[in-house]
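J.: Here is how the chains run, residue by residue.
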Amino acid sequence: MAISPQIERLNRETAERRHLSFDILWDRGNEVAARYGLRFRLPDDLIAVYGKAGIDLPTANGDGSWTLPMPARFVIDRAGVIRAADADPDYTRRPEPAATVRILQRLAGS
Amino acid sequence: MSLAEKLDVLRAAAAKRLPKESQEIMHAATERLRASGILAGVPKPGTAAPPFTLTKVGGNSVDSAALLARGPLVVTFYRGRW
Chain A
1134 MAISPQIERL NRETAERRHL SFDILWDRGN EVAARYGLRF RLPDDLIAVY GKAGIDLPTA
1194 NGDGSWTLPM PARFVIDRAG VIRAADADPD YTRRPEPAAT VRILQRLAGS
Chain B
56 MSLAEKLDVL RAAAAKRLPK ESQEIMHAAT ERLRASGILA GVPKPGTAAP PFTLTKVGGN
116 SVDSAALLAR GPLVVTFYRG RW
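So the protein lines, in turn, are chains A and B. Under the working numbering, the residues of the first sequence are numbered 1134 to 1243, in order. Under the working numbering, the residues of the second sequence are numbered 56 to 137, in order.
These are calculated hints, taken from the structure and not from any lab test. Among the hints, erroneous ones may be present.
Calculated cross-link-like contacts (lysine to any residue; reagent style SDA-like; alpha-carbon spacing at most 20 angstroms) [claimed, not checked]:
| id | chain 1 | residue 1 | chain 2 | residue 2 |
| --- | --- | --- | --- | --- |
| 1 | A | Lys1185 | B | Leu123 |
| 2 | B | Lys111 | B | Leu123 |
| 3 | B | Lys99 | A | Pro1204 |
Can you make the complete structure from the sequences, with help from the hints?
T.: What follows is the structure, encoded as structure tokens:
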């Protein structure tokens, strides 16, 4: 599943456009992201950059907090224990999907 | 192409498209965030995953505990499509 602070309408568009087989959940105000230590508030100079680029987070996210989650991926086993945790402030760095698949295969085997 | 290679391509394209000053501000903000130690607060493997209940597209509730009863979960946090 994917969790994003974006309002339902934008998540729906993404899900349809990309033909996603998994759910996108709306994390309003990044409250769940905060539980996972991921939430941060954009500094003012970065907010100005977003304004110049035409990115309107309060409208996209339905809240005025100017917070975002650090991009992250977690694998959680049936006991609710985290088996993999990858987070990075740099949104261009993500773990390889193949690595996640390998972890899931190990969990399936156990 | 691996995901890392695809992201390298995207990053390079963004560097061509965005004004230099904007890129510097974005880069500095990312590094300040890293230097803040925020990553130390991210739950580690071997610890309990914080449970959650959120609504999915369509409005139905999704509960992590209910899903975990059926199998492991991969949870991806991302910022949006902009």
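J.: Give a verdict on every hint.
T.: Okay, the hints, checked on the actual structure:
1. Only pairs whose Cα atoms come within 20 angstroms are accepted, and A/Lys1185 paired with B/Leu123 is rejected, the gap being roughly 42 angstroms.
2. In summary, the hint linking B/Lys111 to B/Leu123 is supported, as the alpha carbons are separated by about 17 angstroms, within the 20 angstroms threshold.
3. At roughly 15 angstroms between alpha-carbon atoms, B/Lys99 and A/Pro1204 fall within 20 angstroms of each other, so this suggested pair holds.
Hint 1 from the earlier list is the only one contradicted by this structure; the remaining hints agree with it.
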